[in-house]
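**Student:** What follows is the residue order along each chain.
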Amino acid sequence: MPVFRRLEEADIRWVEIQIDGQTTQAREGDSVAAALLAAGLRSCRTSPISGAPRAPFCMMGVCYECLVEVDGIPNRQSCQITVQEGMQIRRQIGTAKGYR
Amino acid sequence: MERHELIVIGGGPSGLAAATTAANAGIECLLIDEQANPGGQIYRAVGTIPEQRASLLGPDYNYGRKLVDQFNQSSASYLPGTTLWNLNSQREIGILRDGQASLISADRIIIATGAMERPVPFPGWTLPGVMSAGAGQILLKSSGLVPAQGVVLAGVGPLLLLLAWQYLHAGVKIHAILDMSPSGNIWRALPHLPGALLAHHYILKGLRYQMQLKMAGVKFFSGVTEFHAVGGDLLEAVEFTHRGGRKRIDTHLLLSHFGVIPDSHLSRCAGCDHTWDANQLCWRPVADKWGNSSVDGIAIVGDGSGIGGAVAARHAGRIAGFEAARALGRMDEKQRDDAAREDQGWMRDDLRVRPFLEARFHPPAELLSAPPDETVVCRCEEINAGAIRTAIHAGHKDANQVKFLTRCGMGPCQGRQCDNAVSQIVARELGDKKMISGGYRIRPPIRPLTIEQLAALDEGADPK
Ligand SMILES: Cc1cc2nc3c(=O)[nH]c(=O)nc-3n(C[C@H](O)[C@@H](O)[C@H](O)COP(=O)(O)OP(=O)(O)OC[C@H]3O[C@@H](n4cnc5c(N)ncnc54)[C@H](O)[C@@H]3O)c2cc1C
Ligand code: FES
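Listed in order, the protein sequences are those of chains A and B.
To convert, note that position 47 of the first sequence is 47 in our numbering; the numbers rise steadily by one, no gaps.
To convert, note that position 247 of the second sequence is 247 in our numbering; the numbers rise steadily by one, no gaps.
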């Protein structure tokens with residue numbers, strides 16, 4: 001069960017994105033991190049040190065816990081990027097070891 | 001290199017007010033902000049969100065529209081979605097926009113980068129399911145996302161109560177609010193009450209929120225200590241000591257908060273002098289009454305120069321805008337003094353509540369400087385408190401030495417999450433009350449850049 005839900009609001013505009021290859025909807029204006037949480041994902045990457053799962057923590061660009069691959073580019077700060085139609089998002093599970 | 005007369009960094013109340021005021025005085029001004037829309041932390045996404053959500057957030061939030069409208073009507077230009085990764089004392093700025101790094105400069109700079117939540121390491125804080133209260137509020141403001149299966153709110157500070165109240169109106173189940181402020185805080189705050197009553201609306205608002213939450217049946221636990229987030233790969237529960245007994249509350253979401261502190265990486269990178277503020281428990285830049293820092297041509301205003309709240313931030317922004325007009329030759333000293341007088345008065349009145357709030361929401365000392373050995377302090381490099389203490393007792397007597405030995409603070413966040421904690425652990429272990437050893441030395445880039453971004457930057461700088 002997702003940890004977050006959307007408020008019921010009128011006039012929602014949706015965009016289609018892909019998370020780990022699966023098509024899903026995000027709300028126009030969502031950050032990528034918000035879209036991941038809204039899609040019910042609990043973590044967005046694993047720690048390159050211990051392999052433990054991690055998830056967005058601050059949502060304001062200071063903790064760097066929210067790193068994911070966006071359109072082929074790894075280590076993007078997902079809380080700082082707005083979703084776009086057709087965006088390809090991949091969680092960084094067991095990858096990005098070089099980023100230290 | 002692109003050059004501007006004035007660059008304002010940060011689009012919260014202080015930056016918007018500074019840019020609007022300076023532009024209205026005839027200054028060519030650029031405002032740079034990391035977010036996609038103007039508003040800063042308090043007014044995040046204001047003007048872009050549905051009416052229904054705006055009304056949940058309360059009248060204070062909606063005031064932001066006025067500020068944004070005034071900014072939009074001014075001649076100031078605006079660069080959203082842009083992060084700074086460098087600022088030096090020559091007022092050269094490194095920016096990152098759409099993944100491209102470039103350099104710009106200005107005759108004068110106003111830093112208005114605001115605050116961040118105070119990172120406080122506690123056992124389990126790296127588990128998915130643990131977020132900061134600010135993060136929860138950002139999800140509400142920008143995306144209309146709220147906890148689906150209930151939430152525990154824990155820590156110290158007015159933002160916890162505000163968020164709880166906003167959640168209550170959004171129909172969110174609040175399992176409990178855990179207050180970790182030491183019980184002695186009330187007594188330490190009392191002497192500041194008479195001064196605070198001059199800005200009593202803040203106190204009344206807090207009491208009203210608390211009363212409404214209690215009437216709605218939300219459970220409050222005060223004097224909470226030995227707080228742990230527990231779980232395997234994901235958060236399962238919180239455990240804590242309350243009135244001498246150990247308690248456990250099952251939850252999939254914990255939002256923690258321990259007050260806000262200036263985000264001083266940029267001002268430290270620029271070489272501005274900073275002092276340790278023992279009341280706010282953070283480094284703050286030294287600035288005069290016009291916001292001028294110790295570096296010529298760089299001013300710092302708003303919560304980035306010490307926590308004063310959104311109203312004071314707005315007035316400080318206007319005051320710095322008038323000072324920019326003086327420094328750039330649009331006003332003489334007398335014109336500036338006359339223009340700024342009202343804002344100075346309002347700011348002084350508004351700040352009267354601060355000593356009370358600082359004493360009431362002073363986080364417990366053990367929480368900041370004495371996390372249990374197994375607690376991860378540096379989230380990026382996974383260095384725990386025990387390793388930091390071992391380094392200190394092996395003779396590494398300041399935060400920088402600990403950093404070089406342990407790699408603490410060398411990950412992608414570049415020490416933003418552990419700087420404050422490591423400095424305080426060092427000070428406690430060495431019995432140094434004045435934090436003489438300082439925090440990490442901050443060097444550019446203050447946001448990680450890739451080799452490609454740096455290489456592209458060199459090409460851009462090459463005149464051929
Ligand atoms: C998460 C959070 C939530 C808060 N919510 C509330 C609230 O609901 N009510 C309230 O009264 N107070 C709130 N506060 C307190 C807040 O600090 C306000 O007092 C007020 O927003 C301060 O205004 P400011 O102009 O100083 O800075 P801010 O409003 O914080 O604005 C600073 C701006 O600078 C930008 N910025 C920072 N660093 C960089 C960089 N390197 N490059 C480019 N841009 C940058 C940020 O994105 C931000 O837009 C909150 C604080 C935080 C941290
Ligand atoms: S969640 Fe902290 S940087 Fe994105």
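Please keep in mind that the hints were generated in silico from the structure rather than gathered at the bench.
No experiment lies behind these values; they were computed from the predicted model shown.
Misleading hints may appear alongside valid ones.
[Unchecked claim] Sample of chain A residues lacking proximity to chain B, with all beta carbon distances greater than 10 angstroms (derived): (1) 14; (2) 16; (3) 20; (4) 34; (5) 47; (6) 54; (7) 82; (8) 88.
[Said to hold, decoys possible] Covered by chain A, per the in silico footprint, the following chain B stretches (three or more residues, Cβ under 8 angstroms): (9) 42 to 55; (10) 407 to 414; (11) 417 to 431.
Each residue gets a CB set at the ideal place from its N, CA and C atoms; glycine is no exception.
**Student:** Does the structure break any of the earlier hints, and which numbers would those be?
**Tutor:** 4, 5, 6, 7 and 11
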